[in-house]
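Q: One-letter residues, chain by chain:
Number of protein chains: 2
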Amino acid sequence: MINQINSIVKEANAAFQIYQNVSGADKKIFLYSIAEELEISGEEICKTASEETNLPVVRFQGELARTCSQLRLFGDIAGEGSWVNAVIDTADEARKPLRKPDMRKMLIPLGPVVVFGASNFPLAYSTPGGDTASALAAGCPVIVKGHPAHPNTSQLTAEAIERAVEKCSLPKGIFQHITSSSFEVGKWLVQHPGVTGVGFTGSLQGGRSLHQYAQNREVPIPVFAEMGSVNPVVLFKHALLEKTPELAKMYASSITMGVGQFCTNPGILIGLKSSALNHFTSLLALELSLTNSYKMLHKGIYENYSNELDKILYEKGVETVFHAHEQENLKASAVLARVPAKEFLKNPNLKNEIFGPFSLIVVCDNIKELEEVWKSFPGQLTTSVIGTNQDIEIHQRLIKEATQFSGRIVYNSAPTGVEVSHATVHGGPFPATTDSRFTSVGGDAILRWVRPVCYQDCPEFMLAPELKNDNPLGIMRKINGLFSREAIK
Amino acid sequence: MINQINSIVKEANAAFQIYQNVSGADKKIFLYSIAEELEISGEEICKTASEETNLPVVRFQGELARTCSQLRLFGDIAGEGSWVNAVIDTADEARKPLRKPDMRKMLIPLGPVVVFGASNFPLAYSTPGGDTASALAAGCPVIVKGHPAHPNTSQLTAEAIERAVEKCSLPKGIFQHITSSSFEVGKWLVQHPGVTGVGFTGSLQGGRSLHQYAQNREVPIPVFAEMGSVNPVVLFKHALLEKTPELAKMYASSITMGVGQFCTNPGILIGLKSSALNHFTSLLALELSLTNSYKMLHKGIYENYSNELDKILYEKGVETVFHAHEQENLKASAVLARVPAKEFLKNPNLKNEIFGPFSLIVVCDNIKELEEVWKSFPGQLTTSVIGTNQDIEIHQRLIKEATQFSGRIVYNSAPTGVEVSHATVHGGPFPATTDSRFTSVGGDAILRWVRPVCYQDCPEFMLAPELKNDNPLGIMRKINGLFSREAIK
Chain V
126 MINQINSIVK
136 EANAAFQIYQ
146 NVSGADKKIF
156 LYSIAEELEI
166 SGEEICKTAS
176 EETNLPVVRF
186 QGELARTCSQ
196 LRLFGDIAGE
206 GSWVNAVIDT
216 ADEARKPLRK
226 PDMRKMLIPL
236 GPVVVFGASN
246 FPLAYSTPGG
256 DTASALAAGC
266 PVIVKGHPAH
276 PNTSQLTAEA
286 IERAVEKCSL
296 PKGIFQHITS
306 SSFEVGKWLV
316 QHPGVTGVGF
326 TGSLQGGRSL
336 HQYAQNREVP
346 IPVFAEMGSV
356 NPVVLFKHAL
366 LEKTPELAKM
376 YASSITMGVG
386 QFCTNPGILI
396 GLKSSALNHF
406 TSLLALELSL
416 TNSYKMLHKG
426 IYENYSNELD
436 KILYEKGVET
446 VFHAHEQENL
456 KASAVLARVP
466 AKEFLKNPNL
476 KNEIFGPFSL
486 IVVCDNIKEL
496 EEVWKSFPGQ
506 LTTSVIGTNQ
516 DIEIHQRLIK
526 EATQFSGRIV
536 YNSAPTGVEV
546 SHATVHGGPF
556 PATTDSRFTS
566 VGGDAILRWV
576 RPVCYQDCPE
586 FMLAPELKND
596 NPLGIMRKIN
606 GLFSREAIK
Chain W
126 MINQINSIVK
136 EANAAFQIYQ
146 NVSGADKKIF
156 LYSIAEELEI
166 SGEEICKTAS
176 EETNLPVVRF
186 QGELARTCSQ
196 LRLFGDIAGE
206 GSWVNAVIDT
216 ADEARKPLRK
226 PDMRKMLIPL
236 GPVVVFGASN
246 FPLAYSTPGG
256 DTASALAAGC
266 PVIVKGHPAH
276 PNTSQLTAEA
286 IERAVEKCSL
296 PKGIFQHITS
306 SSFEVGKWLV
316 QHPGVTGVGF
326 TGSLQGGRSL
336 HQYAQNREVP
346 IPVFAEMGSV
356 NPVVLFKHAL
366 LEKTPELAKM
376 YASSITMGVG
386 QFCTNPGILI
396 GLKSSALNHF
406 TSLLALELSL
416 TNSYKMLHKG
426 IYENYSNELD
436 KILYEKGVET
446 VFHAHEQENL
456 KASAVLARVP
466 AKEFLKNPNL
476 KNEIFGPFSL
486 IVVCDNIKEL
496 EEVWKSFPGQ
506 LTTSVIGTNQ
516 DIEIHQRLIK
526 EATQFSGRIV
536 YNSAPTGVEV
546 SHATVHGGPF
556 PATTDSRFTS
566 VGGDAILRWV
576 RPVCYQDCPE
586 FMLAPELKND
596 NPLGIMRKIN
606 GLFSREAIK
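Chains V and W are the protein sequences, given in the same order. Going by the numbering used here, the first sequence opens with residue 126, and the numbers climb by one from there. Going by the numbering used here, the second sequence opens with residue 126, and the numbers climb by one from there.
Derived from the structure by calculation, the hints contain no laboratory data.
The list cannot tell twin chains apart, which means a pair is met if one copy fits it or any two copies do.
As a list, the in silico EDC-like pairs of lysine to aspartate or glutamate whose alpha-carbon atoms are at most 16 Å apart:
#1 525 with 496
#2 312 with 343
#3 398 with 494
#4 153 with 201
#5 603 with 201
#6 476 with 497
None of the values given here were measured: they were computed from a predicted structure.
Using the sequences plus the hints, can you model the full thing?
A: Next up, the structure:
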């Protein structure tokens with residue numbers, strides 16, 4: 126296997142020599158072509174994904190559409206070209222005591238990137254997902270280690286990408302798919318000297334290990350590991366009073382979406398002790414009892430969920446509010462529990478992510494306690510605020526604290542359902558991710574795979590189009606500190 | 126000492142609660158005020174720096190001017206405000222199957238940053254240097270561990286910053302100065318849970334250690350360590366023939382600048398075996414013999430330089446071309462050596478940075494050998510190309526290879542003298558730095574200390590000015606994928 130990995134990495138590096146010079150326009154055609162190939166095989170892909178994950182086909186129709194629009198978004202970004210952050214400071218020959226040189230910089234791709242997809246999103250966060258799309262848009266060859274929980278889906282989507290590579294006459298080595306369930310293979314890939322970056326979506330343990338391997342290499346490389354979080358939600362009084370039934374419906378749906386197997390699943394709901402909170406709790410339990418139960422992704426995840434439930438429901442002060450108690454194998458019980466803030470604050474176990482349709486309501490005696498709970502969270506992908514404008518005004522200081530531990534702050538909505546757009550941040554301080562300065566979803570996900578290079582007094586004919594005087598691509602640039610699409614005279 | 130560090134970090138975090146909300150306009154006033162205070166104490170600072178480093182006062186007058194213009198550059202960037210990379214995607218209530226939420230993101234400061242300055246630039250790359258300036262511009266409190274090789278300069282510049290803090294009525298905790306020569310203190314700081322980022326300029330060993338400590342924390346944090354390089358220069362035929370005397374003068378000056386104690390010192394010159402190269406070598410030796418010798422920064426650096434010289438000059442194939450053989454203590458001998466490419470390619474020791482006025486000429490038998498030498502370099506801060514347009518056209522493929530291992534590619538100039546501007550990249554792949562995606566000099570150095578946060582459906586009154594509909598700061602934003610300074614209607 127090591128020989129195979131060596132040759133795969135070698136091929137990726139050979140392909141990089143070509144691919145790094147492919148124009149944005151051609152990368153756009155390529156990324157659109159991947160989307161098209163995925164759509165052509167869409168029916169088979171969705172059917173296979175459904176078989177391998179126990180999730181319904183309709184869910185994968187949605188996920189496929191999202192995956193394809195994500196690929197096209199990165200295609201558009203590559204095609205438009207301004208993402209390279211071209212910055213030009215022109216020379217000043219007359220400057221004293223020394224002439225000011227001409228300095229031009231832009232972002233260029235790092236090199237081959239290894240992608241480890243997530244089990245819970247075989248399309249949008251796996252083989253053809255955001256890591257692959259953003260790395261290819263950046264100009265980096267991609268080596269995907271297919272997730273062993275959905276090998277056939279991974280294979281089918283890899284084949285679609287390979288067809289697009291061929292159609293666009295690009296070197297084969299820009300996309301390679303490894304099917305192996307061995308942990309060692311992943312470790313070798315991350316430690317391989319020819320690999321320059323790693324994208325990972327999965328567990329804290331897995332992400333942390335890969336990050337350590339990468340940082341302890343002779344030449345450390347960046348790892349963006351998205352490892353999930355409990356996504357705390359604070360429920361304020363007036364909103365609770367005004368919209369209890371809608372909120373209960375919305376959160377029941379968010380908690381059970383994808384059988385709770387979302388990294389943005391709302392694992393902790395926080396409110397002040399009140400009849401409104403009690404009413405919401407009862408309605409949420411009722412709504413949960415009306416949702417259907419589905420099988421989880423695979424046995425490992427199911428068993429982990431069961432074990433974690435067994436632990437948390439017996440922690441001090443935790444009271445089970447609703448427990449579906451499914452008997453059938455692999456089917457997840459939706460579970461709602463409740464704990465007084467006093468106990469929550471004392472027990473760090475209660476802040477662990479439980480991957481599945483579980484949520485814990487933390488009941489605070491007063492606002493001071495709520496503040497303490499709020500400030501006690503480690504890094505989160507999301508934090509949500511349910512409040513009327515009046516609530517938000519009253520608690521604005523507390524709400525603003527959330528920026529210190531969250532990548533995204535959601536108002537009056539569920540955290541599940543990550544919009545893919547330019548402004549998306551799917552990231553956050555550790556342990557949500559290994560580097561809070563980046564995002565794995567949205568246009569800026571491309572920034573994980575690039576680095577700036579500055580060319581000093583470079584002859585015009587040697588400059589990349591992005592940096593040439595006449596700005597042939599018409600991109601936005603920063604010239605002597607000012608944004609402009611103008612040519613330099 | 127641990128107690129002292131705890132209270133320093135605590136104060137930095139308390140100050141962060143206030144400082145993170147200080148406007149760009151006020152940060153600009155503050156950074157300008159630091160520059161002013163440094164200038165007011167300029168004479169004493171330069172005199173002290175000269176005493177502590179054995180470098181002439183005039184050098185520090187230049188370095189102080191650079192440091193102050195760097196502070197003002199970051200002041201201008203903070204004041205203008207577009208650096209936060211505001212991105213707004215407006216809502217689409219009518220979208221099917223789900224409404225599109227309003228998503229707005231911007232960069233916010235990480236939190237307290239620890240800065241380890243360099244011994245060779247007590248002003249521009251130390252206490253009041255680029256790391257401090259960029260972190261303060263970002264909104265991060267700074268804790269400087271003053272360099273033990275220039276404690277008084279560090280203290281004087283720290284006092285200037287402290288006066289600016291007071292004048293601007295900012296919390297004291299946004300800038301704190303620790304004087305300690307203990308390595309342990311640095312380690313504790315990097316490991317402290319209240320620290321969120323680290324800037325370091327210095328040796329590979331030092332940077333690598335701090336990076337490891339930071340990555341092995343319970344919560345890993347970013348470290349930008351700039352650790353230097355050999356800065357290879359390739360000398361092409363026509364340029365050599367045309368301008369031998371000018372080139373010899375330029376490189377003699379670059380090699381001996383600051384007694385060779387520059388991280389961009391040209392440590393390796395590469396050329397094709399030819400009478401032109403021989404001629405250049407003789408003239409360079411002559412020019413070096415005409416330069417004065419100066420004392421190095423301190424005993425440790427001097428001894429290290431002597432030891433490294435003793436080693437490299439006895440490596441196989443290495444021939445000493447010029448050796449000043451200074452007898453006086455601490456005075457560095459300018460040394461020029463030469464080695465055939467064949468030997469160079471076999472011996473990795475010859476690629477190690479030698480901190481001092483030393484350069485090694487690598488003589489290649491043919492272009493194939495030159496290409497091999499060129500491709501053999503690990504990450505570099507700079508690579509330089511000396512060539513006429515004809516040379517550059519002939520060798521363009523080879524020159525372009527340099528992007529793969531360099532942060533900055535310099536044409537027809539010396540790599541020393543890093544221009545501070547928007548387009549500057551002072552970075553590069555490991556071992557030049559610990560993260561090639563960032564720079565420690567130039568406007569974008571601010572990006573090391575910030576992370577994006579996305580606000581979804583956030584009420585207007587809760588948005589930061591940068592994200593408000595009417596764009597009160599008039600900054601450049603990306604709205605629905607298009608750059609604009611317009612308000613959102």
